[in-house]
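J.: Chains as they are written, first to last, in my numbering: chain D, 6 to 216; chain R, 6 to 216.
Simulated from the structure, these hints should not be mistaken for lab results.
Where hints are given, some of them may not hold.
Copies of the same chain look alike in the list, so a pair counts if it works inside one copy or between any two.
[To be verified] Dumping the calculated DSSO-like pairs for lysine-lysine here, alpha-carbon to alpha-carbon at most 27 angstroms: (1) K133 to K143; (2) K79 to K194; (3) K133 to K78; (4) K133 to K79; (5) K129 to K78; (6) K171 to K194; (7) K78 to K171; (8) K20 to K78; (9) K20 to K79; (10) K192 to K20; (11) K20 to K143; (12) K191 to K133; (13) K192 to K171; (14) K20 to K191; (15) K129 to K171; (16) K194 to K78; (17) K143 to K191; (18) K129 to K143; (19) K143 to K79; (20) K171 to K191; (21) K129 to K192.
Protein chains: 2
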Amino acid sequence: MQLSPRQEQIIAIVKRSGPITSQQIAAELNLTRATLRPDLAILTMAGILEARPRVGYFLSSKPSQALVAEEIKKIRVGDIKGLPRVIRAGASVYEAIVSMFLEDVGTLMVVDDEGHLEGVVSRKDLLKAAIGGGDLQKMPVSVIMTRMPNIICTTPDEPVLAAARKIIEHEVDALPVVRPVNGQGKKLKVLGRITKTTITNLFVELGEGRS
Amino acid sequence: MQLSPRQEQIIAIVKRSGPITSQQIAAELNLTRATLRPDLAILTMAGILEARPRVGYFLSSKPSQALVAEEIKKIRVGDIKGLPRVIRAGASVYEAIVSMFLEDVGTLMVVDDEGHLEGVVSRKDLLKAAIGGGDLQKMPVSVIMTRMPNIICTTPDEPVLAAARKIIEHEVDALPVVRPVNGQGKKLKVLGRITKTTITNLFVELGEGRS
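Construct the entire structure; sequences and hints are all you get.
T.: In structure tokens, the structure reads:
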């Protein structure tokens, strides 16, 4: 919302002294009520101020939900995705654990030699394997990973909101960002990842007005 | 922002056919331009539509960042915190792993017999212990946990934005929500937790206009 300097002044006055009548606001600004009327109408319709007869104007407690939702819906996965963190399908569980610590990520994408998605392995999968008692150096990561077609994916064009919803509904920490490989059936190229950390980061940027 | 049904219709038309003149919008809605003028003025001032002479109205590319940031800053930790997931300091690492799987959480708060915070243990801590080769049934969780005063905490009054920033800056998955225990020095009672999942959930709610 693009507020004029005068509208900002009105909000500041109402914040400080509300509930306050339009007459009192006009007096503070050395303006007539008629001059203020359009500004007050806009601020009220925008849901920033509320007016009550015989009481005056006060700051709306109802948040500007629709507008916030509108902004969030515009952001696409491609705008914020992180780099993919991958491991080859032939690697051992032990190698996956080491790579997870070295790269400090919670989820690794498992790929074939051409970089196509074969599976996803989470910290939880690795922890389960680690207390299972097998030889982690000999166990291939492909044994414990979630494999296609059970992997929940996203694409660069998908709204981040839809990706975040997938994370919550499917109770996963991360989604691979993929695109189909031309003329190769169901093969998917891994372009990046969206994680709960990516979303938390985006939340901070939105809250700081940076996104 | 509380939009009227007609304002929603106008946005839909501009989304579909913009840039479009007010005359064309009026024709689509079977209204006069004069009737539409206040709606178009409000949508333009709210930063939702933009108008260019001899071109018409189109959806604004400039996001209403300030308003989104304003809304996000209002949300407090106490509004969205989840239930605390705790384990006693005397429990074994093995018990912590089992409890983590049973409760399906990424971080456990470690408490003394009176429920006061002693430490925090993450999936990463447990994975490190699990590949370390010790006897997990005999190793107390207090050996591997992060302990006070190194735990990053939050309080019910803190804005969620500040809590999310702590999660990102300190690279942790979860923050205990605490309050000091009256007259007991530095002791903290655990009231709940804020995690990357909580933030992702909140993001989805904001995007759906539900928060």
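J.: When the structure is checked against the list of hints, which entries are broken? Sort them ascending.
T.: 3, 4, 5, 10, 11, 12, 14, 17, 19
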